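4 protein chains.
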Amino acid sequence: MIVVMQKGATRDQVDHMAQRVEELGLKSHVIIGAERTVIAAIGEKRDYMRDALESGPGVERVVPILAPFKVASREVKPEPTQVVAGSLRVGAGTIGVIAGPCSVENEAQIIETAHRVKAAGATALRGGAFKPRTSPYSFQGLKEKGLEMLSRAREETGLAIVTEVMAPEDVPLVAQHTDVLQVGARNMQNYRLLEVVGQSKCAVLLKRGPAATIEELLLAAEYILDGGNKNVMLCERGIRTFEAHTRFTLPLATVPYLHNLTHLPIVVDPSHGTGHTYLVPDMAAAAVAAGTDGLIIEVHPDPEHAMSDGYQSLDYRQFEETMEKCRKIANVLGKTM
Amino acid sequence: MIVVMQKGATRDQVDHMAQRVEELGLKSHVIIGAERTVIAAIGEKRDYMRDALESGPGVERVVPILAPFKVASREVKPEPTQVVAGSLRVGAGTIGVIAGPCSVENEAQIIETAHRVKAAGATALRGGAFKPRTSPYSFQGLKEKGLEMLSRAREETGLAIVTEVMAPEDVPLVAQHTDVLQVGARNMQNYRLLEVVGQSKCAVLLKRGPAATIEELLLAAEYILDGGNKNVMLCERGIRTFEAHTRFTLPLATVPYLHNLTHLPIVVDPSHGTGHTYLVPDMAAAAVAAGTDGLIIEVHPDPEHAMSDGYQSLDYRQFEETMEKCRKIANVLGKTM
Amino acid sequence: MIVVMQKGATRDQVDHMAQRVEELGLKSHVIIGAERTVIAAIGEKRDYMRDALESGPGVERVVPILAPFKVASREVKPEPTQVVAGSLRVGAGTIGVIAGPCSVENEAQIIETAHRVKAAGATALRGGAFKPRTSPYSFQGLKEKGLEMLSRAREETGLAIVTEVMAPEDVPLVAQHTDVLQVGARNMQNYRLLEVVGQSKCAVLLKRGPAATIEELLLAAEYILDGGNKNVMLCERGIRTFEAHTRFTLPLATVPYLHNLTHLPIVVDPSHGTGHTYLVPDMAAAAVAAGTDGLIIEVHPDPEHAMSDGYQSLDYRQFEETMEKCRKIANVLGKTM
Amino acid sequence: MIVVMQKGATRDQVDHMAQRVEELGLKSHVIIGAERTVIAAIGEKRDYMRDALESGPGVERVVPILAPFKVASREVKPEPTQVVAGSLRVGAGTIGVIAGPCSVENEAQIIETAHRVKAAGATALRGGAFKPRTSPYSFQGLKEKGLEMLSRAREETGLAIVTEVMAPEDVPLVAQHTDVLQVGARNMQNYRLLEVVGQSKCAVLLKRGPAATIEELLLAAEYILDGGNKNVMLCERGIRTFEAHTRFTLPLATVPYLHNLTHLPIVVDPSHGTGHTYLVPDMAAAAVAAGTDGLIIEVHPDPEHAMSDGYQSLDYRQFEETMEKCRKIANVLGKTM
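Chains as they are written, first to last, in this note's numbering: chain A, 27 to 363; chain B, 27 to 363; chain C, 27 to 363; chain D, 27 to 363.
Take these hints with a grain of salt, some might be off.
Copies of one chain are not kept apart here, so a pair can be met inside one copy or by any two copies together.
[What the hints assert, rightly or not] Subject to a maximum C-alpha distance of 35 Å in a straight line, what follows is the list of computed DSBU-like cross-link-like pairs (lysine-lysine):
hint	residue 1	residue 2
1	256	33
2	103	33
3	53	351
4	361	33
5	103	144
6	361	53
7	103	354
8	256	351
It should be emphasised that the hints constitute simulated quantities derived from the structure, not laboratory data. Small disclaimer: the values here were computed from a predicted structure and weren't measured.
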């Protein structure tokens, strides 16, 4: 950390802050510049210290030098992690494809979709049974019945299942029916849920909240990793910006940026990331070109009659074409898909 | 709702969509314009319909006309709601002031702070016992012990207590010790928590998520209201924007905007809304001038040694001055504070 | 500046960067931490250096310590600047009020409005003659004829004039008719315009661009100050965020933040800052409470028939009420308005 | 347009607004819904009407149905435009690549770079002679001398030149030395400049401002098209969001979104769009996969010693690798590059 003192900070204030740094178990190093004095605080960073120092007398600001996440960091584990969950492999040169409807609506729908997306090349099936909905008056999912339908789809097709878990107390139930626990964007900082998921044996797909910084995303992952569960995939699904022509803004630079910072694999969601069916194929292709380790795509047999998210779902034919395009790009980049 | 067809939409597509509108229980009304055909869908709006129509053939977009929230709406209940919880009154001309430390640290700290903020004019005491923290390595709060200390501060001072609840299963315990359950910004869309809080008898302070639209905030409130709990206060605590010189951007236009839309009272949090002690007094005053029904302000006996949020906490003297300034403004505006 | 090296940066890279720092005329100071090496670069900052160092081998990032603006800085001139232009005084305890229509539409309109806003307490008249419009098909202003009408309004009422100048070649003409040259938000980084305005004798109202950081705003002011014109007022008129219920988000924390950083006075524009007439009065009052040195407000005799911005203009009665409210707040805060 | 009346709007208000719609030359059509009355205003839209209606009595809001841009619209000209400027072809299946340094620094630098980027596959040379810089103390470009060096690079290599023009009065001079006039992001709404550029015979590269909506970008293009210059390329170079780990957020969904809306070709700038050299290659590849018609990339012989933007410039080898990767993707997508 670097403690930057205000212009005109007194000698006493500098001494006080240098002593505070030492009290916190760090070594202080005072540098008197032409217009400012700064105090370098040397040692392993502990998170609470920045806050403590920032309210000291004569302090202008505190600049952190070390990233606050540890287990997720590429500095700790340089080689990329490949997450394996049933038929799904994500990372280290293999692109996993998770496809299926927003909501599980009935058994015929989910099983037919599973067969079709598998035939097109998907390696896992997505489908929501517990649905977090913005409005209390919207369809909230089939819940346990939906989970059972997902289990049946897995038996029939062998596809790994990815489904969302909304609350700590549901983790054991959901874990019985799924290969991957999805933590939704709205729950990215639901720490109680992260802690319980961190004790599960299931792999986890952790979605970035629409206003979360990359640091906050990695610290949320850190809650799971710290609980002992190392099978974590990060998911970029779009952020909230002033742009209104897409539901969210999909910042694909997240992919190479995260690859530089963490060993965890990255999955891109072009469905939520754009919010419009006609934008999904090109953005799926772009994600592959940007180096993503996985895709999660909403596919519905009949989007016009979907119970949720029809406006951003692909139909079977559109999904097949998207897969073909993505596979071509993956091939020329030397990736397996 | 207005269904806007694409330029060049065929007669068949228009007929199909008009029929879809009717199937959904609405009356359709086709208007053929110079360059576009639009279909007005008349009737009470139900939330899932917009999605359904938006994926229809030849549809460019669907424009909602009615707001999706109901119970929170000023159209349903025109007169403003005053929330009363122990010593705290918020709304309908009375400004409530909730003050206290970010975290409960020990009994002496919280009881002394309670006495001091009460003397300065606060009508409720805040203090965190369960702390949601960005990093798993940060101080997570004293939990049940912290709640007990809050209870003791209430006994000693008579101040109502406001404290955060992080998970559905904690609601009964927290409710024993508090007058107001705070739902934090990170949990604004933790729907399971909203449902459980909606069944509580405690008043609720619902904080806006930093990327939440006003519609999403009101729909989150709707989850609580729909559960039967009508004592809901909305809290503006800043949004995430490109501005980095404040921790969040505090958009005070939220206050008159919400007053126009909902009967629920509005509380402003200038501490989180700025993230810097020296900006809090002016923004508290500005919130009062903008018409806020309440303030929630972090106050700590010794910010430099606070276990969390010291950089945005006022000390006693700063709080007293802020109260004095706010009271003067409330007085000239004819408000009680 | 602090040059932060990557983890694993080699000794050679550190030596190379230390030497680069010296080549740039700064003193280097290498600090070897537990996990990172940083190089403090001591001396007066020159702006281009940060870029140069950031692309060096083994460098993770460069942290600037000194602000890049100088003449605008409170460190250089601690006492607040009061800008005086005809009847308008802004800053150092005096709140100036600039009011009038978005566009000058005809002589009767502008002269009547001038009389009415003066009677209500405005100290300057605004009115656009050269109008920057998003669409080429919108009304572009009366141009020179509009300027002449403003001159006549000034003769009749004695009010100082504030009007926008859009291009360097128009500065001499506009300066003949106005007391304050307004540089619009879209032109905040039109450096050629800033340079020419910097050579004018007129005072300047520099509006913040909707995506400009405070640092960029102050550096734009620096272009004008550096040209020799010291009569610069900064104007906060709202930033672009994800919020769509207001046209822009008005971040009033800008006011105390800028007061801490610069001696230049701050004017708030609640009309553009909200985009809705009914939000303007409360936000004008909030701006005064936040400590603004001035207000600029759109007032039109008949907003429904305004040629531009009717939706955010006050009529005379609304303006009078707004002034009364603001004056009360200014009074209790000890300000002159 | 749809005029949405407030709940409780009176019969008189509805009649008044219907009459206003007719006065504006549109046909009105009143629809009385269950909870709201709306008035459809039928006819060709004229831009100023929305504003006028929005301030009418009893009006809640006005919903535009038609896009405000015309000449740029795909509805007017369905087939894609290919812009040809010397050696550069952009659009209609051909991907143009513009490469070169941020600033022209000296003749040797620009000519060597021209040869190298041409050898790697670039079809035009970029290089700044007039440099808009955030700080007045930064290097402002070699101006006319820089333009002459670009002319010489064109003679030597045959590459088309792309360079920025900052002010209306510079257009004739810059046009003598360049094939494409670049309008920078800061000048996207410098309407005087757009008008003059619209009268030039040079092709134009119009960069999106970092807070501009797509509609604003297309209306800026409309200023140029309306002036008679049809050779306009739109450039996505990143928007300003809360993300701080990249200098701007590059929203690649702009590419398919614009292709759906306009016939004008789209160029992506991954250098400014990320702000970090190491992110450029993957984002260039992603842009090609997303369907871009062109790339503009900063390349410098020695980024560490560049006079500007070194931190986001590629060196020759990095550029060659980027081109190779992009070409492979273009090939499998059936594009010429």
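*When the hints from earlier in the document are held up against this structure, which numbers fail?*
Of the numbered hints, 3, 6 do not hold.
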